Amino acid sequence: MSNEVTAEILGTHILELARTGRRLDGRGIDDYRPVSVEPGFAAAADGSALARIGATAVVCGVKLEPGKPFPDTPNAGVLTTNAELVPLSNAMFEPGPPHPRAIEVSRVIDRAIRAGEAIDLAKLCVTPGEKTWVCYVDVHVIDHSGNLIDAGSLAALTALTHATLPSKRFSLGDDSPLAVQHYPVETTFCRLGDAIVVDPSLDEELACQGRLTIATDEAGNVVAMQKGLVGAFSPDDIKSLADRAFRHGDRMRKIATGA
Amino acid sequence: MGSVGAKEVPVLLSPDGKRIDGRRLDELRPLKIVAGALHQADGSAFVEWGANKVMAAVYGPREVHPRHLQQNNKAIVQCKYNMAAFSVDERKRPGLDRRSQEISKVISEAFESVIFVEEYPRTSIDIYIEVLQANAGTRCAGVVAASVALADAGIPMVDLLPSVAVGKIGGAIALDLKKEEDNFGEADMPMALVPQSGRLVLLQMEGHMTAEELGRSLDLGVQGCRSIYEVMKQALRDRYQVGGGAAQEVGA
Chain A
1 MSNEVTAEIL
11 GTHILELART
21 GRRLDGRGID
31 DYRPVSVEPG
41 FAAAADGSAL
51 ARIGATAVVC
61 GVKLEPGKPF
71 PDTPNAGVLT
81 TNAELVPLSN
91 AMFEPGPPHP
101 RAIEVSRVID
111 RAIRAGEAID
121 LAKLCVTPGE
131 KTWVCYVDVH
141 VIDHSGNLID
151 AGSLAALTAL
161 THATLPSKRF
171 SLGDDSPLAV
181 QHYPVETTFC
191 RLGDAIVVDP
201 SLDEELACQG
211 RLTIATDEAG
221 NVVAMQKGLV
231 GAFSPDDIKS
241 LADRAFRHGD
251 RMRKIATGA
Chain B
260 MGSVGAKEVP
270 VLLSPDGKRI
280 DGRRLDELRP
290 LKIVAGALHQ
300 ADGSAFVEWG
310 ANKVMAAVYG
320 PREVHPRHLQ
330 QNNKAIVQCK
340 YNMAAFSVDE
350 RKRPGLDRRS
360 QEISKVISEA
370 FESVIFVEEY
380 PRTSIDIYIE
390 VLQANAGTRC
400 AGVVAASVAL
410 ADAGIPMVDL
420 LPSVAVGKIG
430 GAIALDLKKE
440 EDNFGEADMP
450 MALVPQSGRL
460 VLLQMEGHMT
470 AEELGRSLDL
480 GVQGCRSIYE
490 VMKQALRDRY
500 QVGGGAAQEV
510 GA
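Chains A and B, in that order, give the protein sequences.
So in our numbering, spot 215 of the first sequence is number 215, and the numbers just go up one at a time.
So in our numbering, spot 175 of the second sequence is number 434, and the numbers just go up one at a time.
Note that these hints are calculated values from the structure, not bench results.
In this text the structure is predicted, and so the values were computed from the model without any measurement.
Think of the CB as a built atom: it goes at the ideal place given N, C-alpha and C, for glycine as much as any other residue.
Warning: the hint list may mix true and false statements.
To be verified - Selected chain B positions facing chain A (Cβ under 10 Å, derived; list incomplete):
| id | residue |
| --- | --- |
| 1 | P289 |
| 2 | L290 |
| 3 | E465 |
To be verified - A partial selection of chain A residues facing chain B, derived with a Cβ cut-off under 10 Å:
| id | residue |
| --- | --- |
| 4 | T12 |
| 5 | E16 |
| 6 | P100 |
| 7 | R107 |
| 8 | E117 |
| 9 | I214 |
| 10 | V230 |
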């Protein structure tokens with residue numbers, strides 16, 4: 001039997017279960033899989049974390065080094081986020097230039113950190129117009145079992161909150177903690193018929209009729225959103241999903257900061 | 260979006276609630292749509308929206324390139340959104356950057372949500388969007404142009420996809436941001452509506468909005484999309500009225 005056919009049978013089953021509020025792995029509609037983080041996972045990085053959501057595993061490493069500011073923001077640091085969906089994490093990923101899927105994951109994680117102003121970029125400036133810290137946030141997906149955006153965002157926020165500015169290495173004074181000022185995290189939902197489930201597994205993502213990611217911060221703001229995949233959401237759906245995202249976001253923030 | 264060290268922030272909202280170009284908060288920029296603006300494409304449309312100029316063309320359903328993307332049970336929808344090097348103040352390096360690729364992906368998915376793709380298995384419906392002059396809201400202008408181009412190509416769809424961005428400027432929720440409002444405002448949220456179902460098939464957002472502001476923004480955007488929908492339908496009526504049907508010249 002081809003993959004297409006098995007996927008279709010499984011998809012139909014997932015949608016049928018959702019009609020009565022059930023999920024393939026026994027979770028409720030608004031339940032995450034078990035979530036955990038391991039800060040400092042990659043010691044060579046200036047900040048790092050391994051984040052797990054169920055069987056999904058993502059490592060984020062933050063590296064900080066001096067560089068040049070952008071000409072239009074001479075007083076601000078530079079933030080660069082990249083996500084790699086490496087072939088070891090799933091049979092559907094192939095080596096080669098980044099797939100639009102990887103670009104989307106990168107950009108959505110970046111959007112939450114940037115628009116949510118997680119880092120105080122002004123504090124990264126060393127000499128206006130000349131020298132600033134460049135903050136590289138690299139996300140490596142090592143086991144893709146669904147919901148890469150939330151896992152990547154959680155790994156990134158954990159890595160950033162535990163990161164050190166390595167001033168000593170570059171003869172710029174003493175090391176200090178990276179100035180994290182806000183705590184944006186992403187919460188992703190998928191539509192399965194009339195049900196909208198949080199934290200989709202890979203099978204649910206493949207069966208779903210639309211995905212919506214909502215990034216919230218600790219001060220009650222929605223800071224980024226992304227609708228993806230084929231499907232649709234009504235304005236009323238989105239309003240109620242924002243409420244759910246704030247609840248889940250608050251829990252994720254505690255996990256990321258170890259509070 | 261409040262970028263650190265940026266140039267001086269202009270006053271986006273006057274005390275009497277007028278915007279830098281004199282618009283009200285719920286007012287769209289002037290929108291002009293020409294359906295069938297190109298000769299070679301199966302369907303096309305040209306959109307002038309404020310200072311945006313965007314051309315869209317549709318080819319297909321046709322053979323899938325590259326072949327391995329072919330699906331046995333449906334057509335695939337492949338959108339390529341591209342900005343011309345001269346479309347912005349500082350020359351944009353030509354070619355696909357990550358922003359363009361992300362926009363292409365979400366637009367492809369939005370259209371696959373409304374096209375009857377199961378009618379055309381093993382084919383590709385290719386949508387090309389070229390931004391010739393950009394002034395914020397180019398992905399929305401692209402979706403509007405592509406919708407009209409798809410209809411012009413005779414591709415069966417649930418509905419057209421009117422699209423607009425809503426944002427927050429000077430603390431107020433505003434419809435259809437122009438460049439300065441996008442650069443210096445507090446939030447930007449592009450969306451595309453299926454008028455028939457009232458659902459959104461494209462939604463992105465960045466900036467800061469409370470849950471209450473998000474709700475009002477969604478409502479304002481839906482209202483804006485419904486006005487744009489009328490202009491889109493009129494463009495198609497103009498193209499296909501008796502005696503019409505010939506490709507119309509851009510700028511005529």
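Contradicted hints - numbers only
1, 2, 4 and 5
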